[in-house]
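**Q** Residues per chain, in single letters:
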Amino acid sequence: MSEPLIGGVGASGGLGSGVPTSEVPVSDLSAAPAVNAEADQVGEPAIVASAAAGRGPLAMEAVGLNKVFKLGRGTVLQAVRDVSFGLYQGAVVALVGESGSGKSTVAKLLAGQERPTSGQVTLDGKPISVHGSRAFRQYKSQVQYVFQDPFSSLNPVHTVGYHLIRPVKLHSNPPGGRPPVPPGGQSDERQGYRTGPRARSADERVMALLEQVRLTPAEQFVVKYPHELSGGQRQRVSFARALAAQPTVLLADEPVSMLDVSIRLEMLNLLDDLRTRLSLALLYITHDIASARYFADEVLVMYGGQIVERGPAEDVTQRPAHPYTQLLIASAPDPDNLGSSLKAGNVVIGPGGAIAGKAGNVGPAPVGCPFSNRCPLADDKCRRENPALQLLTPARAAACWHLDVAASPQASGSL
Amino acid sequence: MAPILEISDLSVAYRSVGGDVHAVEHVSLTLNAGEVVGLCGESGSGKSTLAYGATRLLRPPALITSGSVRYRGRRITQGGDPADILAMSHRELAHMRWREVAIVFQSAMNALNPVLRVQDQILDAVTAHLKLPRDEAKEKAATLLDLVGIPRNRLRSYPHELSGGMRQRVMIAMALAADPEVVIMDEPTTALDVVVQRDILAQIVELKETLGFSILFITHDLSLLLELADRIAVMYAGRLLETGTASAIMREPAHPYTRGLLHSFPSLHGPRRELVGIPGSPPDLRDALPGCPFIPRCGYAIDACSAVDMSLAQVAGGAGTGDGEGTGGRERGARVGHLTACPIVTPQVSQEGVLS
Chain A
1 MSEPLIGGVG ASGGLGSGVP TSEVPVSDLS AAPAVNAEAD QVGEPAIVAS AAAGRGPLAM
61 EAVGLNKVFK LGRGTVLQAV RDVSFGLYQG AVVALVGESG SGKSTVAKLL AGQERPTSGQ
121 VTLDGKPISV HGSRAFRQYK SQVQYVFQDP FSSLNPVHTV GYHLIRPVKL HSNPPGGRPP
181 VPPGGQSDER QGYRTGPRAR SADERVMALL EQVRLTPAEQ FVVKYPHELS GGQRQRVSFA
241 RALAAQPTVL LADEPVSMLD VSIRLEMLNL LDDLRTRLSL ALLYITHDIA SARYFADEVL
301 VMYGGQIVER GPAEDVTQRP AHPYTQLLIA SAPDPDNLGS SLKAGNVVIG PGGAIAGKAG
361 NVGPAPVGCP FSNRCPLADD KCRRENPALQ LLTPARAAAC WHLDVAASPQ ASGSL
Chain B
416 MAPILEISDL SVAYRSVGGD VHAVEHVSLT LNAGEVVGLC GESGSGKSTL AYGATRLLRP
476 PALITSGSVR YRGRRITQGG DPADILAMSH RELAHMRWRE VAIVFQSAMN ALNPVLRVQD
536 QILDAVTAHL KLPRDEAKEK AATLLDLVGI PRNRLRSYPH ELSGGMRQRV MIAMALAADP
596 EVVIMDEPTT ALDVVVQRDI LAQIVELKET LGFSILFITH DLSLLLELAD RIAVMYAGRL
656 LETGTASAIM REPAHPYTRG LLHSFPSLHG PRRELVGIPG SPPDLRDALP GCPFIPRCGY
716 AIDACSAVDM SLAQVAGGAG TGDGEGTGGR ERGARVGHLT ACPIVTPQVS QEGVLS
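First to last, the sequence lines map onto chains A and B. Just so you know, the numbering used here puts 220 at position 220 of the first sequence, and the rest follows in order with no gaps. In the numbering used here, each residue's number is its place in the second sequence (first place is 1) plus 415.
Fair warning: there could be bad hints in the mix.
[Stated by the list, open to error] Partial selection, computed: residues in chain B whose CB lies under 10 Å from chain A:
#, residue
1, Q521
2, N525
3, L545
4, H575
5, R613
6, L616
7, E642
8, L683
9, L690
[Stated by the list, open to error] Here are the in silico distance ranges between beta carbons for each label pair:
#, chain 1, residue 1, chain 2, residue 2, range
10, B, R532, A, S201, 55 to 63 Å
11, A, D404, B, E551, 23 to 31 Å
12, B, L626, A, T75, 34 to 42 Å
13, A, S99, B, E551, 34 to 42 Å
14, A, H158, B, G627, 46 to 54 Å
15, B, H684, A, G125, 39 to 47 Å
16, A, L170, B, Y715, 44 to 52 Å
17, B, V530, A, T159, 54 to 62 Å
18, B, G695, A, R383, 47 to 55 Å
Calculated from the structure, these hints are not laboratory results. Yeah, the Cβ is synthetic: ideal placement off N, Cα and C, and Gly gets one too.
Chain A extracted, bound-state conformation (with noise of 0.2 Å):
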């Protein structure tokens, strides 16, 4: 390799589209109440030029988003801190991480379902605003978002057919009779949707969406109720219905976990389809960094509600920089591994010779690096200072004081 493995921190700007000039300026995380102050990132944020940028335009971007929870008797949760990326038309960013690491409050953060404590979210240039039911419902037709369990996000006493005609009318309608203005000045015949919004009517729209996630034929399936179809049919459903909106951004929170694995793959190459037909900007959340390799352009890695190590899908899972991703890797089940390392204990040994894993009932950290108790490379700064994201290439950062160590070539071939 004869590229450096280590990039100055916050390299220079104007390394990919889309990306913002103006960084968040750490004081301004200050500004969120109550926030431990000692656990604030130290050093700039690098600037990532995303992998996923080469597939289109952006579409959807985070700046600097931070969430609060307030749990009472003066105790505060920061279920997402200083997270930035961007989601790009018919690109595939996949979020990854254990329950609690905070991919789902992401992903409500963009949907506009949360507010964010600090930090924006950007459609298309726009900030948005989740203020006013007319404003937020135009935008709820450009974010759409699929739910986990396709056994209880559909409604058992409605038929298919309700489930989509709904959306369809709710959104080809917008109120006071004008048409919906079409995102960033385009024409709303998006490539792939094959219509506009009115010029059918909302029955052939319905027929048209049951196709698109082939659920055909179509009329059989219009009228049949959740519990006449099996769970990858009822998340066919679920996409349809977000396809419904005619959304340009697509929200899909661990949209395969609940299905058996023989069908994950069927709705994967689907969701896959899907965003190229339809240039979806796609955020696909999962705790399975497998399916990430295969479906993601850029991947996201979240542990204690930041982002410990991104970049393209292929380096990030086969080279992993960050502890935590290495650990994540070494977890997922190997068939080419038969029993051996689950024989020999659940234990990942660290470049030097330390061992992570065990789990446990850990949490993150709440001061430091959040990964700072389980990791085997952790020392006192690790404990103290929480890493920024530093730069390993233009296109992949991770946050570790070791990096030197954690991402040298013998470590990742140990795992």
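Given chain A, work out where chain B should sit, using these hints.
**A** Then chain B, alone, in the frame of chain A:
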């Protein structure tokens, strides 16, 4: 040595207005002492019904229509004849459950009672099956939590105060309360994320080694079983399609369905390989399914497939070349052959399916 649990020719049907649903059809499966057998199949393939049928946990409209289940636990048989679980009286069943065969149920979120403290739930199991005095039972509950690595002060927690992984560990601790010889685990890690899942699997393996029970591990995730199980049985539409050692299934999958499963999960290690998946969906189990139930989704199906009786036969390639290389699993598999129900598997076909 005779297997500790021997299911032979078990069939289970659910009676319904539209006709019987044949959830399990003539399945034979054995579990040897100290072994981990993985039972793998998609939802609705009958894997849970098989396990619950074999332990007499099913209620009408489920009906066991044929078969026998022989159990050879040390305490129950004392070296004598095996006990037939299907012929047991109610009292015998109550004695057998938990003491001999314990179950870790799917979805620990629902299996624990939300209004009882963890301690009370463990005590319930311990006092019902071990007849211990209260203070000894309390001590037992604490040691059980130690066993699965949960701090003792969690005894007084309610289930909602525990994380998903901890709840699952509590379930495992409860199953181990009466020192059973067979533990059936029904998708114990399905709702958990990978790091926690691995922690728990490693814990299960460790406990198995120290306490010496046998495991029947039910899951839809074949990739997990390849790593965990000694032997794997692949189930589809109520029938077993293939059984073999984990390495035989991994390296020389015989049945086209098994090959489809192996090609449908993304690999994290090694080069990217093409994912094919299995198009189509499983058949309706109400219909009579002559021959192989996989025919409509099978790319290799021939006319003979619709006439095959789904009994398992030795895989031609695996048995014939048992001494040669490429059958790495056979050294410990002398007593467990690689069996499949597929009539068309020839060495050539199975070579095609070998993963690169």
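**Q** Each hint: holds or not?
**A** Each hint tested on the structure:
1. Q521: Status violated, d = 13 Å.
2. N525: With a minimum Cβ separation of about 13 Å from chain A (threshold 10 Å), the hint on B:N525 is violated.
3. L545: The hint is violated - B:L545 has no Cβ within 10 Å of chain A, the shortest such distance being about 28 Å.
4. H575: Given a least distance of 15 Å, the restraint on B:H575 is violated.
5. R613: holds, 4 Å
6. L616: B:L616 check passes; min Cβ-Cβ to chain A is 6 Å, inside 10 Å.
7. E642: holds, 6 Å
8. L683: holds, 4 Å
9. L690: Hint holds; B:L690 Cβ to chain A Cβ min 5 Å, cut 10 Å.
10. B:R532 with A:S201: 55 to 63 Å: holds, 58 Å
11. A:D404 with B:E551: 23 to 31 Å: Violated, at about 55 Å.
12. B:L626 with A:T75: 34 to 42 Å: holds, 40 Å
13. A:S99 with B:E551: 34 to 42 Å: Hint holds: Cβ distance 36 Å, inside 34 to 42 Å.
14. A:H158 with B:G627: 46 to 54 Å: Distance hint for A:H158, B:G627 holds at roughly 52 Å.
15. B:H684 with A:G125: 39 to 47 Å: The hinted range 39 to 47 Å holds for B:H684 and A:G125, with Cβ atoms some 40 Å apart.
16. A:L170 with B:Y715: 44 to 52 Å: Cβ of A:L170 to Cβ of B:Y715: about 48 Å, so the range 44 to 52 Å holds.
17. B:V530 with A:T159: 54 to 62 Å: violated, 36 Å
18. B:G695 with A:R383: 47 to 55 Å: 54 Å Cβ-Cβ, so the 47 to 55 Å window holds.
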